[in-house]
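A.B. asks: Below, each chain spelled out in residue letters.
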Amino acid sequence: MKSIPAIALFTLLMAPLPWLLQSEYLLNFAIMALFYAFLGQAWNVLGGYGGQFSFGHAAFFGTGAYTASILQVTFGVNPWVAFVLAGVSGGGMGLIVGFLSFRFGLKGAYFALVTLAFAEVLRILASAVEFTGAGVGILVPLQQSAANFQFADKTGFYLVALALVVLGLLVTASLESSRFGARLIAVREDEDAARALGVNAFEIKLKAITLSGAMAGLAGSFYTQYFLYLDPAIAYGPAVSIEALLVPIIGGTGTLFGPLLGSGVLHSISEFAQHLTAGAPGLNLVIYGAIMVLMVLFLPSGLWGLVVRIRAKAGAGS
Amino acid sequence: MLELELFIPATINGLTNGAVYAVIALGLTLIYGVLHIINFAHGSLLMLAMYGVFFLYTLFGIDPYLALPIVVPTMFALGYGLQRGVISRASHGKDENILLVTLGLAIVIDNLALYLWSSDTRIIDTPYAFATIEFGPVLVSTPKVIALVAAVLIAVLFWLLMTRTDLGKAIRAVAKERTGAELVGINVDHVYAMSFGLGIACLGVAACLLLPTFYVTPHVGFAFVLIAFTVVVLGGMGSFMGALWGGLIIGVTESLGGLYLGESLGQIGIFVLFILVLLFRPTGLMGQRS
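Protein sequences, first through last, are from chains L and Z.
The first sequence: position 236 = 236 (the working numbering), numbered continuously.
The second sequence: position 168 = 168 (the working numbering), numbered continuously.
Next comes chain Z alone, as it looks inside the complex (with noise of 0.2 Å):
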């Protein structure tokens, strides 16, 4: 049953699937933490990013890689403005509300790409895209091995930002308390906005590390939300080394699941596990109680 020569390979897969899901999840954990507001329309913002990198190499030639300090800080702006423009007025003080208006917006989102672009699956072709690295027996894609890279790189920038800055030290301090937050001068508004804008930020880079080896479709974020759900919960909400954690947990299930149940079964793994954690430990392995 428990073949090494394919429970190592599939594991490792698993390793560096999930760590650009836990690059989606450290902007949803983030938004959550801070703003205290599930964003359903995270998987629409990813596939509005990977569109973006997908035109910028087909229409203008410009590497995925390289296409970062583009798409990164589009779509932080993106994110700044839709919580200042759009989510930020929808409270009224009721949660449901913005969950309403963030599904809404997915809504939106999806189909206005369906229809622009049809419902075609688009890849883009790099040289580099079946490129391998030997890591003794095993050989790995490389643009894996470096979404792996780079996803414990940007956990390290997030832990960083949070601790080290003042822009850090005002996101913690609203989470923790808005109105006291408020009353020693920091500008609720911009941070609520900054948080967002920088969860919607991961986005971008999730979007360069996964289309070298990924598709983009109008629906390819629906499946990634939900992952990205998963794993939020299960590294609990708003806690940030909980989304790393999370993010590589859930992306071996599912490449183990995928091995051992088959294609279309093994997805039910991340499932049952994000059903389970939420009945008996909805705060996650690493959340605190509230």
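Only chain L is shown next, with the shape it has when bound in the complex (with noise of 0.2 Å):
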């Protein structure tokens, strides 16, 4: 694993972050940056490394969230509990939609329109039946101490969120060195050609598409416990699946750093777009949009090919 030097010297400078900051609005920047790092790192691992793209990962992202909220509101059980039992549910639904998906040899657009459709059914089913609340949502008391997953300073989110990016920085780098990331990647690239030298497609994307699912029910039951609330339009609705996607796209699908970087640029620009426009609705996400075409077009390699390139250059200078 030759990127670990490089994982903890990114945890070594970000943890004391929250004690450099000094401030509410920078820190909860932070999270928001690392939370959707989190989840386009999720994304990074079925669609960058296994080249299953998908567009509804608001799936696993709002059964992770729903299983947290409601286990804990409903049945009393530890929010940290319910947090890994979110990362199970999230891989639950994956290697559902996976198995269904996969089996029947679905792929490329198909594949993307089915995972959409998934999310859209989770959607109107969430809306319709008792137990999550329908439409008018779940809201999470607020019972505030560490031990609940609910802290009153915002540093404490910020080292959980901080936990989770380098979770799957960890999860992604072991990708890279394993014989399951190689025989990912080797699906990615020539699928019949993976299958005549004996590599079993089919499980290795449902393996894939699992751990993508836990991840991004991990998500969401973060996104639960920091703003304590959820319907069905936040958990399944077409935002989540947009950003766990634009994230890797942006900063560069299939590396390591990609998501990471995707998330910092994009949510600076983000920012920086709602200042500049005083917060009118849309107009970020316009921006959003017409990157993510411009980058397609001039830098389908994203950010951190650009990084790689450049380095390659100044290599090659000196």
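I should point out that these hints are in silico values taken from the structure, not numbers from a laboratory.
Yeah, the Cβ is synthetic: ideal placement off N, Cα and C, and Gly gets one too.
Honestly, I wouldn't trust all of these hints.
Computed, partial: chain Z to chain L, Cβ under 8 Å [what the hints assert, rightly or not]: (1) Leu100; (2) Leu105; (3) Ser264; (4) Leu265.
These two chains come separately, so use the hints to put the complex back together.
C.D. replies: Put into structure tokens, the structure is as follows:
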């Protein structure tokens, strides 16, 4: 795992940030950037390394979020236990969606469409049945204590978000140096060739979507604890699915630090745009979309690809 | 359970809604059939056309049906330009890139509309919005009957265009064998852009048919694009007759789902149908195996 030193350095640099920033606003910004970096990393495992573009990661995110909130509100389960179970349920949803779509050989646009449809079915179900609070949503009661995964101080949330990102980095780094990861990349590059070499493509893709779903489920639980409110549009609406894929695409799909870079850049732009436009609705997303189009047009390997190219050039020059 | 007084009007209502879905899906299926891309911006472009119809009515007092000769060519030009200027440049030989570009366009268009026109739900007030026609014991809304007739007319026009004109021949040639078409002197870029333009022009028709009875918001496209995907997948990607039948089936499914399961859960029938078709018969009811 040659990326371990880089991940360790990143952790050391980021950990003291809350004590350096001294600003609720900046800390909140950092938490959201880390949160979306982790969600993007979840997408990256399946989309970046596995080449399976999901347009419905909200299906996994929302399932995790609802698991976490229903378990603690209705059944009185400890939020930290619910957090772990949210990962399990997100992974379970990934397994179900993956089993159905990969079993029947859906790929490319068809796979994107079926994931979108699953998220939409779940959104409609969540707004129709009672135990999710239907359209009204679920309010998690405020009971601030670390044992309850509700921190009075944003620093606690920051550290959890950072821990999630580091976890995501470690999972992704292990992909880059494991047999499973090598097989996954082989499936992405050429599924037929991989199968001809004896790779069980179905099983590999299924593992990847389960892992990706579990990560998105954890992200959903974190979101619930941070905002203490959930409704069907937040959990299963298209906004989450779009964020999840934008972040790694801007940063660089199939790269370790791509989602982190993408999330940092996107959220800086979004904050900047909101200041510039005095919070006019929609304008920051217009900029998101435009950047996405421009990236695909001119920089298909993402920002991380640009970094790598500049470094290679500098290396050749010196 | 199956009370005819409710069942028949709901079915007819479903058929008329389905006709508009069919028009939207015709555009989507043409674009897929020729360019092999799934246009995620389809719903957003429909929303733009609907705002076009809305403003033509409120600012200039132009009736939605009389707006057809303005809206349809404008949408065609927009589609032609988008394909030539943006989408064709993004392909880099990878399907994913086109998917992402059309998704990016959708995000831009939706949120620009939100910024410019706010999230208010807007409707127009035509004198005939609540007019009805009697079919035996059943009353059907006049604008919806017009939509149904227009949808069938559009399907026939498309069929004529594809089978009887040189452009249709060229489009079919490019759809079947791009390189071969290029070799016999067909301007492929032009045919691609024409197909995209025609597909988007369908949205202009749909917008004019919808607005007398429907509302417009910046997010209205998302609901329609999902339904249009369902229709296209159900009918078979690239099949015109499939889009027509698929639209009608989805319209009836939605209407009956709403009748028996309630408004909020009724929509689920469409997506369950969508997932089932994608899983068991991704080539659709009328699609050819590729």
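A.B. asks: Take the hints in turn and mark each one as holding or not.
C.D. replies: Hint check:
Interface hint at Z:Leu100: satisfied, since its Cβ lies 5 Å from the closest Cβ of chain L, which is below the 8 Å cut-off. Taking 8 Å as the C-beta contact cut-off toward chain L, the hint placing Z:Leu105 at the interface holds, the least distance being around 6 Å. This hint holds: Z:Ser264 has a C-beta 5 Å from the nearest C-beta of chain L, less than the 8 Å allowed. Annotation: Z:Leu265 was flagged as interfacial toward chain L, and the flag holds, the nearest CB pair being 4 Å apart, inside 8 Å.
Comparing the model with each numbered hint stated earlier shows that all of them hold.
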